[in-house]
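Visitor: Using the sequences provided together with the hints, build the complete structure.
There are 2 protein chains.
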Amino acid sequence: MTGIGPIHILRLAGLPMIGPDSDLCVEIAGAMERSAIALQDGDIVVVAQKIVSKAEGRKRALNDYVPSPAARDLAGTVNKDARLVEAVLSESRAVIRAVPNVLIVEHKLGHIMANAGIDQSNVEADGADGETILLLPEDPDASARALRDRLRPHGVERIGVVISDSFGRPWRIGTTGIAIGVAGVPAVVDRRGEQDLFGRVMQVTEVGFADAVAAAACLAMGEGAEAIPVAIVRGLDWQAGVHDASDGLRDPERDLFR
Amino acid sequence: MTGIGPIHILRLAGLPMIGPDSDLCVEIAGAMERSAIALQDGDIVVVAQKIVSKAEGRKRALNDYVPSPAARDLAGTVNKDARLVEAVLSESRAVIRAVPNVLIVEHKLGHIMANAGIDQSNVEADGADGETILLLPEDPDASARALRDRLRPHGVERIGVVISDSFGRPWRIGTTGIAIGVAGVPAVVDRRGEQDLFGRVMQVTEVGFADAVAAAACLAMGEGAEAIPVAIVRGLDWQAGVHDASDGLRDPERDLFR
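For the protein sequence lines, the chains are A and B, in the order given. Mapping of the first sequence onto full-length UniProt numbering: position 107 corresponds to residue 107, and the numbering continues sequentially without gaps. Mapping of the second sequence onto full-length UniProt numbering: position 203 corresponds to residue 203, and the numbering continues sequentially without gaps.
Treat the hints as calculated values from the structure; they're not laboratory data. Don't take every hint at face value.
The list cannot tell twin chains apart, which means a pair is met if one copy fits it or any two copies do.
[What the hints assert, rightly or not] Pairs of lysine to any residue, SDA-like flavour, derived with a Cα cap of 20 Å:
| id | residue 1 | residue 2 |
| --- | --- | --- |
| 1 | Lys108 | Gly57 |
| 2 | Lys59 | Arg250 |
| 3 | Lys80 | Leu256 |
| 4 | Lys59 | Ser22 |
In this text the structure is predicted, and so the values were computed from the model without any measurement.
Guide: Structure, rendered in structure tokens:
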């Protein structure tokens, strides 16, 4: 997983506002060209979920959600807009925790996250539609694969794409980046059975590779008005292959924190 | 938190084996000099917990732990060596989950982690002592502060030190780096109240800054025989201040996953 040289995280400046009429790949390629960034063997392009969702037309009007009785009940518990709760439930498989101001669910994609990853920051209002929300991409692995197929320079196999989102965490304050979609790069690197420095077989050695890449890139991206939604992580050593973000999800039967 | 230039993660090669007679600061400074790395304003030096613990003499012989009846009971549940379980309990405040092969505790420092962070990989055996284990540093924030005070070049205020460890996570497979000690850098950056791109006040915007720095650095460090225990993260924008790693720990009363 490691090499010997430094790792670089390049922030991609100069992307225009992304909307449902944007070709995200063309926009990223154009911004790279303007920044004189040419993808190299081993580069991992990390793309914030927000612009993927926007390009895929995942913006919704809050008014389009008609709360079910269950959503109304839950909205009372968590002290949130019942339409938003209806939207969260429609994107989820299960409610994991619901207390005032906190609604943690298992998203249909399998990620355990607050509000099913539905975003209200940095979503421009659509005039008469009233408040808008942004859903996760329908299939972030497919989104990542499509970007990888088109961004990968001819003859360069080892290009990765990670779709990142910011997740809160149990026990710890503050969000970090998480990989909700991957292409080319592994979600998890399994090092079990390898020997450590002293020849002892290593114990817990599955590494959350794509999540760590997302965390590093999100650190570079920022979250506020200065947000940069694409970063290129260069200099990591990894094996290209066919992977899904769900490879990094624990089997519910073996999870102790549901 | 973000700037405009790239972020670099420099891997510090050439550190000797660290033991209780090592002056870790001298060793790190020497390796930096040999690698022609001079610390710059904004640099964050990330140091793996293992070498901090070794330099602070936190290696213990497993035989020195005499299991209590409670440790023996728990060892049966989790299917681990009762001496190891005694060591884990002696480093912990509370058992969070105990099932076969998994023992998750609240460490005395407040971190919720497997086996109280006790390490058996990359710990050289001490001859007749039999198996050895490595405890976390007694006070990782103090360890970080000591390193920062001595590594910081004269007149450069914004140098940070993070002591990192690899943590498993609920719901997700694979470890990522976590900050168990900080000096100079904030554990959490609070962006609540700032405006997003569209002038809307941001919602969840506490960022796990030091944990993300640790995750990025651990990606560069590796875990196996090729491990590099020090990395320098360069190019992030942050405010220097007095912080503790415990600033990043959620109040137990407000935690939903204990």
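Visitor: Confirm or reject each hint.
Guide: Evaluated hints:
1. Lys108 x Gly57: within (18 Å within a copy, 48 Å between copies)
2. Lys59 x Arg250: Neither: 29 Å inside a copy, 32 Å across copies.
3. Lys80 x Leu256: between (28 Å within a copy, 18 Å between copies)
4. Lys59 x Ser22: within (14 Å within a copy, 57 Å between copies)
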